[in-house]
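Asks: Residue numbers (the numbering used here), protein chains in the order written: chain W, 1 to 304; chain U, 1001 to 1388; chain F, 2001 to 2518.
Errors might be hidden in some of the hints.
As the list claims (entries may be wrong) - Estimated spans, in silico, between C-beta atoms of each pair:
1) W:Phe165 / F:Glu2126: 25 to 35 Å
2) F:Arg2112 / W:Glu299: 30 to 40 Å
3) U:Gly1238 / F:Arg2366: 22 to 32 Å
4) U:Leu1323 / F:Pro2327: 36 to 46 Å
5) U:Gly1238 / F:Pro2327: 42 to 52 Å
6) U:Leu1323 / F:Gln2078: 49 to 59 Å
7) U:Met1370 / W:Pro265: 45 to 55 Å
These are calculated hints, taken from the structure and not from any lab test.
Positions of the beta carbon are idealized from the N, C-alpha and C atoms, including for glycine.
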Amino acid sequence: MFNSEMLASAIRLAVPIIITAVGAVYAERSGVVNIGLEGMMIVGAFAGATGTYFAGPYVGILIGMIAGALFALLHAVASIRFLVNQIVSGTAINILAYGVVRFAAISIFSMATTTPHVDSLPTITVPFLCEMPVLGPIVTKVSPLVLVAFALIPFTVWVLRRTVFGLRLRSVGENPLAAETLGVNVYAMRYWGVLISGALAGLSGAYMAVEHTGMYVEGMTQGLGFIALAAMIFGNWMPLGAMWAGLLFGFTQALSLRVVSSAIPYQFIKMIPYVLTIVVLAISMQRSRMPAADGVPYERGEAT
Amino acid sequence: MKAQRKAKPVVLQPRGSRRIALLEVSGPILSVLFAMLMASVALIMIGKNPFAVYGTMFAYSFGRLDSVAYILSKATPLIFSGIAVAVAFRVNLFNIGVEGQYAVGAFFASWVGASFHGLPPYIHLPLVILAGAFGGALWALVPIWLRVKRGVHEVISTIMLNHTSYLLLHYLMAGPLKDKTLVGLGTVGSASGVRMSPILDSARVPRLHGLFEAIGINIPAYVSLNWFLVVGIVLAFGMYLLIWKTPFGMQLRAVGHNPKAAEAAGLRSNAVLVRAFLISGAVAGLVGLSDLLGYFGYLDVDFPKGYGFTGIAVALVGKNGALGIILAALLFGFLSRGGMGIQVLERVPMETYFILQGLIILCIVIGSEMVRRFVRAQQKKEEAAADV
Amino acid sequence: MEKAAAVLELRGITKRFPGIVANNQVSLDIEPGEIHAIVGENGAGKSTLMKMVAGLYAPDEGQIVYRGRPVIFRGPRQAIAAGIGMVHQHFMLVANFTVTENVILGAEPARRGLLDPKTAANQIAELARGYGLKLDSKARVEDISVGEQQRVEILKVLYRGADLIILDEPTAVLVPQEAEDLFEHLRTLKKQGKTVVFISHKLDEVLRVSDRITVLRRGRVIGTVRAAEVTRQKLAEMMVGRPILFDLKRSDVTPGEAHLCVESVTARGGGRTILRDLTFRVRSGEIYGIAGVEGNGQTELAEAIMGLRPVGSGKILLRGEDITNLPTPKVRRRGLAFIPEDRHRRGLILPMTVWENTIIGSETSREFSRGPRLLFDSIYRFVNEAMARFDVRLTTIMAPAQTLSGGNQQKVILAREFRGDPKFILASQPTRGLDIGATEFVRQQLLNARDQGAAVLLISADLEEVLSVADRIGVIYNGHIQAEFSREEADPKTLGFYMTGVRSGESGAGKEGGSLTA
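Using the sequences and the hints, build the whole thing.
Replies: Here it is, written out as structure tokens:
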């Protein structure tokens, strides 16, 4: 049961969680809670599949990211500019996404819940590593997005720690008041954080549709947007932690797909990711260190 | 001016000036209209004339008797869902788990309804309803406990439990509690054969058709309008009583407005939060019962979903108030029915319904927030003038 | 002697907030290269004045002239650009950033968006060395001491090229040794040609380190003096002024047994010890007034007694029963009434109606409810009577509490808390922001309760309030009761000394330290 195939499968299934969770880091570190990630993944998946159908995988995936970012813009405007409760705004995005995607699916493909089959990106094989014993199957004939996902981790760490943008982004999520008195544009930073999280969630959805399944199917995201949030929390709002948490969830998902006949009914295996999420949250909320101003709407001029 | 010395206080100004009250009521209406305007954009994009579409929607929904009855029938579960969400909203808790709670509630109701032969309806039916409420409250217990004890945000935990509930119920319906009579019958009833035993007659909810017939209105038989509508309206009234006429309601509102002041005054915030959320869950457990006991008669995997999310929209549009929720539920019933109509007659996908839902929510909350800021600015001015 | 051109001139500065004039025609000069102190009691307008200089507020009238030119700042950034930097009383630091990150935020040394950590570290090290500020630039701000955090704030303004540095109550959060270090830094800054203005109420420190001192009282300038030419007594007199006389009636009551005993209570908050070994007691039939400038632990003391703040060590006894760390509902059930200092945030639920605010906390009592039913007749009757008894001016009890004036809001709180004739009343800043009529009313209510045998703990930053109302007075400073006085012994000057740390509980006249024997 625990072999390379399993590991490869786990990684493939972890990718959407990891990408979305890393995206969530950008938003939450800037102080905005993004509950609408699920909706952004859904639109990313659909837009990605549709774009690929018409213009090939590269364009399709890009469109998926744009679609995610557009929905994120809605959330950003509502919660940053209009100071709407971030949870409500995010929930509205999820409902809206569900409707918009169905509508578009019917209008374009005359089917409400699926798109036709689409091509994937050409797979790649990492030259040196594919010879190695355990790592081999994992890096052979794998979607480039898998590598992108893992590259995102160090990239995000670098952005957060070593760039001006990253410093200001983090400051806005910890103490927007102090940041504003020093001349940092709190609104702009938060917009960036939310837009990036939307684009990445869109990318994650596009990956699922285009690379993983080969088409869009309604409900394919199965709550992964929320699981990604939990992964981020479990990872203490840091990219590396999000990655490990994502891998853990990916593993449980892989498990649920593989274990066909066993003493435990398959429904319970499928439940594991969700139950695990709750358990993980129960443990990590105590010892976690949330950005101090996370979820708190900020009104410009609060410094005066 | 001195205070009046009567036992009943003189109500000169209900809640703030009349201008503000007007704003509060018109807010939701304007938001809905604005959302419909934005949805027109989507309609235009697929080459439809928005006026024609909306016109058909109205004509179809109100011009036919079966439509009106359908709207009432569709609104019924939404009333319960709106109440459930609203009660939690009032203490700033987000019960996104109504979806799962009503599934579990329907499960318990179905189980109690299919067992216990030989009970008279006036005992069996209330028992089934209680079972539904119990199921819902049970499924709400874990999220609120985790929230109060560990600070786990109820949004994520309730959504996780939504997914969990579907899987759990699927297992129960396909296995231990499967309808044994279906063995060998294959596809009779539901496509997958995964369902529970049918509800006994003693637990079915009677239809309202008889009542309407008595006053000369003949509702077609294919519309499922039952007494749960009345139960829902009564429950909404009950919610109103709870919030405004009971000590617990006062505590609820106090904790929702200002938990710090409530604590200083001696209220136990956590206890209030738990009670409110469990009540929310109990009501959520009833959301599916009008369909279960009045229409289907059995629980299977194709049981309608989505009432929970629509309930969020209903609560927001109805501003967490009893009358507002009833009206909002009717609104969404109208949108749903109108959606069917325009799908058939104008070839517009009825998914417009969902888009409208999402848009309405966004417009409402943005609109409310703006109104709230305006009102607060006004009141600050009044305050400054009042202070010597 | 030729007068050097002033680096900062304030001419006729006036600033109003709803209901109060914070600064009234304030004019003063700051000479270049001096250390200038602004002193006064709470509400004197010191902070507001300096915040205008630092660009956080705009004056309603008057002119700010900096380096010979009138300036109008539309935000703190403009003031910083002009060379004026402010170190706030409540630090504006990002807790989990390093010292370096905090200093450079918003003005980062960078190459094409990429932070340049080496340049940053060097620049900051240079700066710190030049001004004698010892700091570990890699340390996280949340891990360093409060004194060091303050140095980070100072570095922040120096890094941005400030020549005029304003500090708001800088020693409020420091222990004596850290305060000494701060004064050294200020002297170094002065030697480097910077001008320092600092706001304080601690007269001995002010006298030790400043060149000139301006005293504010109730928004007006009382005078500017040279530190070398003035005495502590004179300063305290200027600060406190003469009390307004109210016509308050009190009876001759012999106090009874000790009702509340606070014994050696220590409590922490915000990373530091706020209440230190605090001891006092209040007897039935007396008003014990705690005098002190705000920020010396009063808020925390009230919270600790009511169960809203954990007590680290020590005991709080109510009629002999240990109520330390008991949850609030249980404390209240033992007959404690609480008038919180922030009536908007802790005292009332503003969106709810007057009648609801009047009975909140008692809604489940038998008088107001029968099971799940609220007994509206009974409730309205009680509220109407209470409104009349407490002279609340309103049109209807159904109006939201936020529509009432401050004075009436406070009366509503009294009406609520005094129901059931509580045996112990904790009144925290009860007349803050109230007009004269309401103030007199509230004080009389406290006296009436005391006449009826209640034990009243009055915490007030208004010295003349404490003097006119209390039977015994304890002065709180740095979280400790420094001295106690009886009504007859107390005089403003002596109290002022203890309030401002001129005298401490270790030496001097009067009974030292809080005591458990009257």
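Asks: Decide, hint by hint, whether the structure agrees.
Replies: Here is how each hint holds up against the structure:
1. W:Phe165 / F:Glu2126: 25 to 35 Å: Cβ of Phe165 (chain W) to Cβ of Glu2126 (chain F): about 26 Å, so the range 25 to 35 Å holds.
2. F:Arg2112 / W:Glu299: 30 to 40 Å: holds (33 Å)
3. U:Gly1238 / F:Arg2366: 22 to 32 Å: holds (24 Å)
4. U:Leu1323 / F:Pro2327: 36 to 46 Å: Holds: the Cβ-Cβ distance is about 38 Å, inside 36 to 46 Å.
5. U:Gly1238 / F:Pro2327: 42 to 52 Å: Given about 31 Å between the Cβ atoms, the range is violated.
6. U:Leu1323 / F:Gln2078: 49 to 59 Å: Distance hint for Leu1323 (chain U), Gln2078 (chain F) holds at roughly 52 Å.
7. U:Met1370 / W:Pro265: 45 to 55 Å: Distance hint for Met1370 (chain U), Pro265 (chain W) holds at roughly 51 Å.
Violated hint for the displayed structure: number 5, the only one.
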